[in-house]
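Mapping of the sequence shown onto my numbering: residues 1 to 153, in sequence order.
In case anyone wonders, no lab produced these hints; they're calculated from the structure.
One or more hints might be untrue.
[To be verified] Derived DEER-like restraints, expressed as beta-carbon distance ranges:
{"hint": "1", "residue 1": "ALA137", "residue 2": "GLN48", "range": "55 to 63 Å"}
{"hint": "2", "residue 1": "LYS41", "residue 2": "THR122", "range": "48 to 56 Å"}
{"hint": "3", "residue 1": "GLY143", "residue 2": "LEU40", "range": "56 to 64 Å"}
Note that the Cβ used here is the ideal one computed from N, Cα and C, for glycine as well.
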Amino acid sequence: MIQTQTVPNPSAKRGAKPVKDINVEFKKEHDELNSAIAFLKLKYKFQQLKYENQVARVARPVITASLTAASSSNCRIQTHGKRKKFTSSICRAKCLRSRANHVLKFKELWPSHQSKSKKRETLLDNVELVKELKAWAADQIPGHVSNSHNLCF
Numbered sequence: 001m002i003q004t005q006t007v008p009n010p011s012a013k014r015g016a017k018p019v020k021d022i023n024v025e026f027k028k029e030h031d032e033l034n035s036a037i038a039f040l041k042l043k044y045k046f047q048q049l050k051y052e053n054q055v056a057r058v059a060r061p062v063i064t065a066s067l068t069a070a071s072s073s074n075c076r077i078q079t080h081g082k083r084k085k086f087t088s089s090i091c092r093a094k095c096l097r098s099r100a101n102h103v104l105k106f107k108e109l110w111p112s113h114q115s116k117s118k119k120r121e122t123l124l125d126n127v128e129l130v131k132e133l134k135a136w137a138a139d140q141i142p143g144h145v146s147n148s149h150n151l152c153f
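Could you put together the complete structure from these sequences and hints?
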């Protein structure tokens with residue numbers, strides 16, 4: 001059985017959270033490497049199918065190879081204990097083609113992005129403003145409302 005180890009922080013205040021759990025970092029690294037290996041296996045299959053289709057003179061060998069590789073990878077999608085709905089092979093084929101081109105051009109894996117939406121700029125991205133807000137919040141007295149007239153519009 002694996003025991004979790006936390007790194008002690010001598011300067012931490014009483015009741016503060018421990019710095020980081022080593023197992024969490026290891027799990028994150030393991031997942032990243034696992035996804036990179038899975039992608040490289042899929043890319044290899046795509047390149048092999050593309051070559052076989054070119055030799056066999058199949059019309060549109062790249063698209064045919066990417067669709068075949070993507071549809072075969074649908075059954076191997078890791079779900080981490082959750083049941084995942086069927087994924088469109090056409091969408092995965094397009095992603096596979098674009099990622100394969102990126103690997104061939106730049107000799108590196110496609111950077112993974114967790115969300116599909118753009119990162120929105122907020123006021124909390126301003127470091128100086130966050131420091132001022134934390135200082136203001138620390139100066140407040142619990143249960144006391146100051147300048148309540150300024151809050152009404």
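Status of each hint after checking the structure:
no. : hint                       : in the structure
1   : ALA137 / GLN48: 55 to 63 Å : 59 Å, holds
2   : LYS41 / THR122: 48 to 56 Å : 39 Å, violated
3   : GLY143 / LEU40: 56 to 64 Å : 59 Å, holds
The structure does not agree with numbered hint 2 stated previously, though it agrees with all others.
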